[in-house]
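Based on the provided sequences and hints, a complete structural model is requested.
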Amino acid sequence: MRGNRLKAAVLIAFCWIYHPAAGDAEVLAVRNCNWCHGGSASGYPPAPALAAQRPQYVAKQLANFRAHTRDTPFSRQYMWGAARNLDAESVRNLALYFASLPPRAASDGVPSLVGLGQTIYQQGMPEANIVACVVCHGPNGEGIRDIPRLGGLDSTYLRRRLEQWNQGYHAAAGPPMISIASKLSDDQIDALASYLSFVK
Amino acid sequence: MRSLNSLQFNRTTRARFVWLVSQKLKSAGSHVGLAALILTFVLVGTVSAQHRISLSGDVQAKISYCKDCHGVSAQGFNGYYPIPRLAGQQPEYIENQLRAFIEHRRTNNIMFNVAHSLSPAMINALTAHFASLNPPPIGGAPRQLVATGRKIFEDGMPEVNIAACAACHGPEATGSGQIPRLAGQLYPYMIKTLGSWDKERGRNPTVPDAAAIMSPVAHSLNKSQIEAVAAFVSTLRSPRGTPNAVQ
Chain Y
1 MRGNRLKAAV LIAFCWIYHP AAGDAEVLAV RNCNWCHGGS ASGYPPAPAL
51 AAQRPQYVAK QLANFRAHTR DTPFSRQYMW GAARNLDAES VRNLALYFAS
101 LPPRAASDGV PSLVGLGQTI YQQGMPEANI VACVVCHGPN GEGIRDIPRL
151 GGLDSTYLRR RLEQWNQGYH AAAGPPMISI ASKLSDDQID ALASYLSFVK
Chain X
1001 MRSLNSLQFN RTTRARFVWL VSQKLKSAGS HVGLAALILT FVLVGTVSAQ
1051 HRISLSGDVQ AKISYCKDCH GVSAQGFNGY YPIPRLAGQQ PEYIENQLRA
1101 FIEHRRTNNI MFNVAHSLSP AMINALTAHF ASLNPPPIGG APRQLVATGR
1151 KIFEDGMPEV NIAACAACHG PEATGSGQIP RLAGQLYPYM IKTLGSWDKE
1201 RGRNPTVPDA AAIMSPVAHS LNKSQIEAVA AFVSTLRSPR GTPNAVQ
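Just so you know, the sequences run in chain order Y and X.
Residue numbers in the first sequence follow this note's numbering, run continuously in steps of one, and reach 200 at the last position.
Residue numbers in the second sequence follow this note's numbering, run continuously in steps of one, and reach 1247 at the last position.
Hints were generated in silico from the structure; no laboratory data involved.
Note that the coordinates shown come from a computational prediction; the quantities given were computed from them, not determined experimentally.
Hints may contain errors.
[Said to hold, decoys possible] Partial chain X-side listing against chain Y, Cβ under 7 Å, derived:
(1) Asp1068
(2) Val1072
(3) Gly1079
(4) Tyr1080
(5) Ser1117
Note that the Cβ used here is the ideal one computed from N, Cα and C, for glycine as well.
Pasting the structure below:
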């Protein structure tokens, strides 16, 4: 009886000391992200949604922030520091965690621009040398592998990213996106950002 | 005032240049004929250079547009859908496929729109450019399939009446005319194409085309044989650009 009580006491003490601490550490990393990226990581402009984002893309971007190859002002201000102390396992766990959250469309674009945005996304504009986004980003903007999900991201983030490639930031884009973005006019960027913000 | 000055300066320099040339020619004799000849060359050169600049501006923009999807060296790109390699491809094959999209022989909404925007002169310039490229394959196929794929490619499978791929596509898979180069083609693109041949090619019964030749072959190959052939050709480096490559 006394032995059992002792065992119980030790067990309670053990749980009290270790388990909540371990749990806190895990939650803390996610909480740090959600502070900017919104509850359920569904985005809180200017920080984009991470929910349902491609895990390979998230992991690659965290590596890019650490390597300072994603170099836009918000990256420098927030993400370089946020990613600095993440080890490989934390990166993997965070990427898988965000990928597991359900997507929620920001739906904050201009409804009247959706038609043009959809045309550019689905068909491109061959006469203007603008390619169809759907070929790489998928029919519902869902992305694949390290090609990011675009569907449902907020329109200010989408617009900013497309503009920044034209402004000389490396922004960690592979060869296609800098070239593609350079061919888009401001109106076309607005239309794409508006359309994608509604895509579920 | 300043522009006038620079104009005068230019005129002076040009006059001096002409004078120098004429002096040289005089010393060489027969100056009239030579001067006329040189003048002709200069004029023709200027006109064709200007023409080339305006044409090449459009061509360069269109090449950049193609490469936005097909890869910076036209080596192909794995997007949501596999986008085929065009580097080293037979000009006649590309030209025929572009027409196939328009004539609904080959179904692809995006390439249908693209093909409609290209003039015959543009198509010639593009196909010549792509034929001249020969970057290494992008890889990514399972290595253990390559040996089986090589055997099918080189020997065929006589027991099920499948001819060697090399018989038509060439021993180095460089293709010829309307028969495409397969060397270095993307692994997932090869699988998709062979696996859904009749859904994508030879779709217009009123315009029969070379797709009919491949149809029974694609049907006779099972999934693992398709994967093996795809793996083999996707790793093939052609030792040179396409033999028929122009320019």
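Quick rundown of the hints versus the structure:
1. Asp1068: holds, 5 Å
2. Val1072: holds, 5 Å
3. Gly1079: Check passed: Cβ of Gly1079 of chain X comes within 3 Å of chain Y, closer than 7 Å.
4. Tyr1080: holds, 4 Å
5. Ser1117: Holds, because the Cβ-Cβ distance from Ser1117 of chain X to chain Y comes to roughly 4 Å (cut-off 7 Å).
Checked against the numbered hints above, the structure breaks none of them.
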